[in-house]
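**Student:** Each chain is listed here by its residues.
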Amino acid sequence: MNEMLLQVNHLQTNFYTESGVVKAVNDVSFAIREGETVCIVGESGCGKSITALSLMQLIPENGKVEGGEINFAGKNLLDLSKKDIRRLRGNEIGMIFQEPMTSLNPVFTIGEQMIEPIQEHLLLSKKAAYKKAMELITMLGIPNAEKIVNLYPHELSGGMLQRIMIAIALSCNPKLIIADEPTTALDVTIQAQILDLLRDIKKEFNTSMLLITHDLGVVAEMADYVVVMYAGKVVEEGPVLELFKNPQHPYTKGLLKAKPVIGERKDRLYTIAGQVPNLVDLSEACYFADRCEHAMDICRVKQPVLTEMAKGQKTACWLYEDGENQ
Amino acid sequence: MKQYVLQRFLQMIVILFGTSFIIFFLFAMLPGDYIDSNISLTPQRAQELKALYGLDQPVLQRYFKWLGNALHGDFGYSLKHQENVLSLLNKYVWNSFFVAILALFLTWSIALVSGVISAIKQYSWFDGFVTFFVFAAMSFPSFFISLLFIKWFGVDLQILPIGGMIDTGSDSTGLAHLLEVGKHMILPVTILTLLSIGSLTRYFRTGMLEVIRQDYIRTARAKGLKERVVIFKHALKNAILPAITLLAFELPGLFSGAIIMEQIFNWPGVGRIQLESVSFRDYPVLMAFTMFLSCLTIIGNFLADVTYAAVDPRIRLK
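Protein chains in written order, with numbering that gives the first Met the number 0: chain A, 0 to 325; chain B, 0 to 317.
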């Protein structure tokens, strides 16, 4: 097995809002090995993006990482100074965002924005940095690199801009790429192209990847290992094949049932009844209990913990706890 | 771009003719004229003078006569000052201009710095202080704050002159003259700056706050750029763009004079000439000066459009 690159232990990120403390990331642990792709899945507001931003320490001002550790290549990122974190961003960890159209600065050219991390981290001259930027553009399958570097973001399409974002993330040969819903804002044909591109990059550079998504199709295509989040907590995790074949947690089962299957006609897709709970002042219960078909008495009074199941899977659900743990 | 400039230029000429017409008629519609206000004249003498100045002719005829002369660069004689209008304005307009441009420079620099800092340190004590201070400065009536400053600095402390542009009876030249005028300018410039700094500071603060929440600022941070580069390169350029339009609108304000401030500080500026020409119905001065300001306003607008297109790559003029 490959070596561990990133190990997140008991990460806790809270937001202080007017209505109270929101536990956006609540005791989340997972690990990424070298060359591995880990997907975090979950519906909107489950804390998956904040988990990614916590790794980079880019969470909005009213939020704070308040516990746990993030071990990356032998260092705990939460202990590093601001300066050291800055040197890590864009250099050892590259990040790709959801909205390519708004993620690039409208008043600087593509080239100016691409050379910035190259000059900052690789200390190349401006000329060499431009050369490297053009190589990256060509590598990502965009023709006319000399012309592209002089264009402004509004002159390119969403798919092209996302390629540019990937090029920026790749420019300093990072060990880890964090992609926060990289295909959500793109149309389906472009999505497929971007995913192919990410897979090729992974193969070529042996980069690890943390992919945040709510699209199970993307998970099936990309992931080696899947982490399912619900209301700021990990409810289930496991190798991708096991998880799709044999989901354990009722939430994961529901998600998989809600996915349309090609060739099968249904009037309505399955939906998980109910809504995501308000993350302010949650009680000591299983957060999914209110929407769960199998909810038992214990689900409403005590939180289940992640327990090892067969074949490397882990799940947090009372259905699988032995009598002795209760 | 060339076509756009040409098109706008032609539009400007038409607009100027339109404004000159409207301004002339509005002034002509005001009851009374320069001669009427002088009650010591006999009716016969008044009639003679009116004929001399052409005030007895129909308005339309007077307008075209004025327009014809104006196109030749002749704006006539001031009735009150008995002096060529252009040389009269030329004498006073620069006094106003120097005060205004200094105040403008100070206002923009201070507003930019304090606006940006209070945005990146939102809700800090600095932000609170700036917000309180600019609102306070903005809310004082100009005559009150001027008189207060005259009392503090001119009368109590006696470190600054209470008014005028030079000391009474002074005949200093060269550097000494400059220093003297500079000393007299301190209070007027300070007060003009204080009065206009508030809205601009808030403008920059809001603009900056909006920009630092954008996705591309997060991208810039995710690239590992220094916080200084993120704020002063990526954020500031976006926040400052809309302000270019505002700067161009300040153009007429540079020459228009500050009526209240000039009155209080006895500053020989063009604002006073303007006020006088209204109360004495000194049409040639009024017309020439108002036309000058409308020219500047239209040019300011045009400059705003052109510079905005030059600095913002998303805007293309057609």
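Some clues are possibly wrong.
Said to hold, decoys possible - Heads up, simulated DSS-like pairs for lysine-lysine below, C-alpha to C-alpha not over 30 Å straight-line:
| id | chain 1 | residue 1 | chain 2 | residue 2 |
| --- | --- | --- | --- | --- |
| 1 | B | K232 | A | K131 |
| 2 | B | K225 | A | K146 |
| 3 | B | K225 | A | K130 |
| 4 | A | K82 | B | K225 |
For the record, the hints were derived by calculation from the structure and aren't laboratory data.
**Student:** Let me make sure I understand: some of the numbered hints might not hold for this structure. Which ones are they, in numerical order?
**Tutor:** none
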